[in-house]
Amino acid sequence: MPEDVRKALALMHLSLCEPLSMGDLARQCGVPERTLNDHFRTFVGRSPIRHLRRLRLAAARKALLSAGHEASVTEIAHGFLFAHPGRFSERYRAAFGETPSETRRRARALAAPPRTLGGDCRAAPSLLLRDTPSLAIVVAGAAGPAPSWLAGLGGALASGLCSASWLSVVLPAAAGAASSDPRRVFRETGARYVLWVRHVEDRDRLRLSFHVSDGATGAVLWGGHVDGGLGDGLELQDRLVRRIGEGIGPALRRAEIHRAARTDPRDLDVRGLALRATPLLLSATPEGASRALELLDRAMEMDPDHPLPIALAGWGHGQLVMYNATTRPAEERDRALRLARRAAIFGGEDPLELAARCTAHMMLGDLDAAEALVARALSRDPACGWAWSRSGWLQTYRGNPGTALRHFQRALRLELHGSRANTLVGIGCAHFDAGRYAAAARWVQRALRLQPDMEWCNRSLSVSYARLGERRMARRSLESLQRYHPDLAVRDVVAAVPSGAVSWSGSPTGWTTWGFRPDRAPHRGYARP
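Take the numbering used here: the final residue in the sequence shown is number 529, and no numbers are missing along the way.
FYI, nobody ran anything at the bench for these hints, they're computed from the structure. Yeah, the Cβ is synthetic: ideal placement off N, Cα and C, and Gly gets one too. Be careful, since some hints might not be right.
In silico EDC-like pairs for lysine to aspartate or glutamate, Cα to Cα no more than 16 angstroms straight-line [unchecked claim]:
1. 62 / 269
2. 62 / 75
3. 62 / 301
4. 7 / 24
5. 7 / 38
6. 7 / 33
7. 62 / 98
8. 62 / 305
9. 7 / 305
10. 62 / 267
11. 62 / 102
Label pairs and their computed distance ranges (CB to CB) [unchecked claim]:
12. 442 / 254: 23 to 29 angstroms
13. 402 / 30: 50 to 56 angstroms
14. 265 / 24: 36 to 42 angstroms
Build the full structure now, drawing on both the sequences and the hints.
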């Protein structure tokens, strides 16, 4: 990103409540107005003044959603330099689908005290998703004296988990830690989830058991244990830290996505909308991509600089191209590329964001950039099943079916159920790449049984059946593909997948075939260029 754009973005965030003209912005960035405007349109996708207005609208929404903010709608609008209340309301409604007054009324209703006896937190003060989930760590010992190393276990777990940029970690005070009720810990710390660790001694054996609970409902989300001898305390502590560090990411991601799915979309923040869109993208269907893009467009209106919805939107537009689901593939490809570049400008280290950016670049044929991004995602969270699935697809496009299969199998053990079908298709394509057409057909059929809407899979399934001599099955698969896209031609299929990843030819039997082309000499069964 050019230095003038970087400076301008920083100045905008510092001047949300202060006047800032285009001339002032250009002077402080040390470039002519025209240069700054051109750079903004290239790297951010809109003019500086339009971007500043969107930032101020997003900041006004945050103020309206704040339970403790007592200012009126007009006062909030004036505070963010919207001088005309009617015009502010008009722009606000266009961006967020509701008027500022409706936002304020909902925020106050959600902030009302719960009408339950005994302080039940299931009617918690706010349903709004915060930008990062929070986790409280509670370590409890059995009756009797506890070993000396147990006192430092909470700190060791907190240190191990603090490296996750998408998670906030809390160590409760002694009173909260003494409680066995996750809802009490929730009330005292505000942490959305509670990690319980219990130390139990039985003769010469030692067990450290753990589970993660939802703070508002008390529901157990995930758990396990590690065992060892009485003298193995520190070694058990290290094993426990590794075990929780590897498994807590998938458990909390599932919980966050389910929470977002249960919440009214109007009550979700930017990350909540992005998480609600994620299963729709993972369904690997054009309908899912279109519905996800509606949510992501709303999220980008709420916070134009948040990298997660930008990256996911780039992936969504790439899906429309990959699945031959658009009549304007060049336009959608260009939009996906612009969003991927914009996500890189604002990007952080969230594994979901990095994997989404990897997918967008992979769909656009930039395999080197995709490989660097998926490596970063896995270094941040080695248990991110979606990143392992993306890596499997990348290795398939690279022509490394053995490595691809190992990565896909790891993804199946870790990722969400809703994304399994796409991984199963990837396994089928890896077998196709290796010339194992019976296995390829079997895995793709499994995917279609799990997700019947993924009819684009018939592009490769029909070819697998044809090469096996199963003409009846191949023709049935082609008929399904024709129902999905009556006008689909081979050139459309070749244009949709990453550049250089496929080859095609007309076979002597009249079938038009296509398949993955590795970076090595083609073996028997490959379609020649």
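Hint check, failures only:
none
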